[in-house]
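Top to bottom, those sequences are chains R and B. Residues in the first sequence are numbered from 1 upward in steps of one, following the numbering used here. Residues in the second sequence are numbered from 126 upward in steps of one, following the numbering used here.
The set of hints was computed from the structure by calculation and includes no laboratory data. There's no promise every hint is true.
Claimed, not checked - In silico lysine to aspartate or glutamate, EDC-like type, Cα no more than 20 Å apart, as pairs: (1) K321(B) to D42(R); (2) K188(B) to D42(R); (3) K87(R) to D256(B).
Residues per chain are reported as follows:
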Amino acid sequence: MRNINKWIAAGLVALTVMSYIILHAYQQNQIYNHTKLVIYRDGEIYDEASLSKEVHKEITVRTGDHFNIIEIKGEAVRIKEADCPRKICVDTGWLNKPGQIAVCIPNRLKIVIEGQSGNVDDIAY
Amino acid sequence: MLKNFFILVLVVVLALPGCAMEKQGEEKNYTARDELLGTEVIITVEANKEASEACDEIFSRIKQIEEKMTTRNPNSEIFNLNANAGNKEITLSKDTYHVLKEAVAFSNMTGGAFDPTIGPLVKLWGFDSRDLKVPPDESIERKLTLVDYRLLELENNKETFTAMLQRDGQAVDLGGIAKGYAGDEAKRILLNHGIKRGIINLGGNIIAVGTKEDGIPWRIGIQNPMAPRGTFLGILELADKAVVTSGGYERSFVAAGKRYHHIIDPQTGYPSESGLLSVTIISERGLVSDALSTGVFVMGLHKGMELIESLKGIEAVFVTGDKKVFVTKEIQDMFQLTDSKFSYEKHK
Numbered sequence: 001m002r003n004i005n006k007w008i009a010a011g012l013v014a015l016t017v018m019s020y021i022i023l024h025a026y027q028q029n030q031i032y033n034h035t036k037l038v039i040y041r042d043g044e045i046y047d048e049a050s051l052s053k054e055v056h057k058e059i060t061v062r063t064g065d066h067f068n069i070i071e072i073k074g075e076a077v078r079i080k081e082a083d084c085p086r087k088i089c090v091d092t093g094w095l096n097k098p099g100q101i102a103v104c105i106p107n108r109l110k111i112v113i114e115g116q117s118g119n120v121d122d123i124a125y
Numbered sequence: 126m127l128k129n130f131f132i133l134v135l136v137v138v139l140a141l142p143g144c145a146m147e148k149q150g151e152e153k154n155y156t157a158r159d160e161l162l163g164t165e166v167i168i169t170v171e172a173n174k175e176a177s178e179a180c181d182e183i184f185s186r187i188k189q190i191e192e193k194m195t196t197r198n199p200n201s202e203i204f205n206l207n208a209n210a211g212n213k214e215i216t217l218s219k220d221t222y223h224v225l226k227e228a229v230a231f232s233n234m235t236g237g238a239f240d241p242t243i244g245p246l247v248k249l250w251g252f253d254s255r256d257l258k259v260p261p262d263e264s265i266e267r268k269l270t271l272v273d274y275r276l277l278e279l280e281n282n283k284e285t286f287t288a289m290l291q292r293d294g295q296a297v298d299l300g301g302i303a304k305g306y307a308g309d310e311a312k313r314i315l316l317n318h319g320i321k322r323g324i325i326n327l328g329g330n331i332i333a334v335g336t337k338e339d340g341i342p343w344r345i346g347i348q349n350p351m352a353p354r355g356t357f358l359g360i361l362e363l364a365d366k367a368v369v370t371s372g373g374y375e376r377s378f379v380a381a382g383k384r385y386h387h388i389i390d391p392q393t394g395y396p397s398e399s400g401l402l403s404v405t406i407i408s409e410r411g412l413v414s415d416a417l418s419t420g421v422f423v424m425g426l427h428k429g430m431e432l433i434e435s436l437k438g439i440e441a442v443f444v445t446g447d448k449k450v451f452v453t454k455e456i457q458d459m460f461q462l463t464d465s466k467f468s469y470e471k472h473k
């Protein structure tokens, strides 16, 4: 009887330790590895895509008669083509860190890599 | 009995991580956004029952400021002032008068490196539109004679405020100061509603209100001028400050293989070539940070540093073309360089 209780106690201790380990790993993963691309059109979320090594695709976003083509390649993303006059969004180039943004003001489009950006509350630019 | 209790304790302990996660997901902040002053305005404040009302009030106040101070709308006071340059004086609201008065004060302080009468040159280069081009030298020469803040007359007689531009063709452009003023007004409205902490972001101009919870300072990243927006090169820890960065990277265009940016030197008529990539000013007020960031960018590292070090309660971060970062003495320990491609030139 006494032995069974010991085993139960040991089992519970092991479970407790495991649950903490799993939780910790989960949180770490959330903070450091989980980055995603969020596409905003007219200030509203238009689409989201997770960024991981295997992905390589293009998303075409149409705003009225205009368009932006977004290219996702692994953990990096850029606005590959657009029909806006000055192509500032295309010139921004590849984004690959959380917090980075490319904006197309004429087409009212914004792409952001979301995720923990090195622990800042905001960025002055 | 004792053993049962032991098991109970373990079960509770097991459940604890679950509780901790619940708490993490709780919404502590309220965020609102709008497009105003030609940029994106994002307000993030502590979740308070007045937060939504306060944000609505801020957006309508900023809209009002924009309507008075834009150069584009024929109903704006600044449009009216410019249209009557060299002709007659214009009656202004207290708001616009106040911003013009401050603009002239910062022009004096920076020896004309900041100048609100830069309008004719902004227009000539096309920075007020999408039609960007390198103007011919003669046109620049001609417009340059119209850029002089000393020819902006301001008068205040009791509750009547007037202004006049002395020469025909002169034009005021408050692009380098109005956003800062709007930020100060936004902060005032938050405080009126009893909201003591939050961040107001007006297209990258940051007004940090109060501190984070428990008095922890805000961590504000300083944009890396050579990387996409949202990439920072260092972090400033601060409370209750307005942080404004001016840099050539914000708006520019390429013509015949050369890059031209939007911060025009009022002495030369060309984009400033002071050797700086960006300047960040940290002060109590958005208006001060906004006007000085533009002026100091044009002044360059040495003159700019000298000016800022002479002003109490105003600090700066300079990023030079050779990837060096300089800060004013007072904030040396509050600034942390995070991008090793830049070198931090500390005071000795």
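Evaluation of the provided hints:
1. K321(B) to D42(R): Not satisfied, since the Cα-Cα distance of roughly 30 Å exceeds 20 Å.
2. K188(B) to D42(R): With Cα atoms ~18 Å apart, K188(B) and D42(R) stay inside 20 Å; holds.
3. K87(R) to D256(B): This hinted pair holds, its Cα atoms lying about 13 Å apart.
Against the hints set out earlier in the document, a violation occurs for number 1 only.
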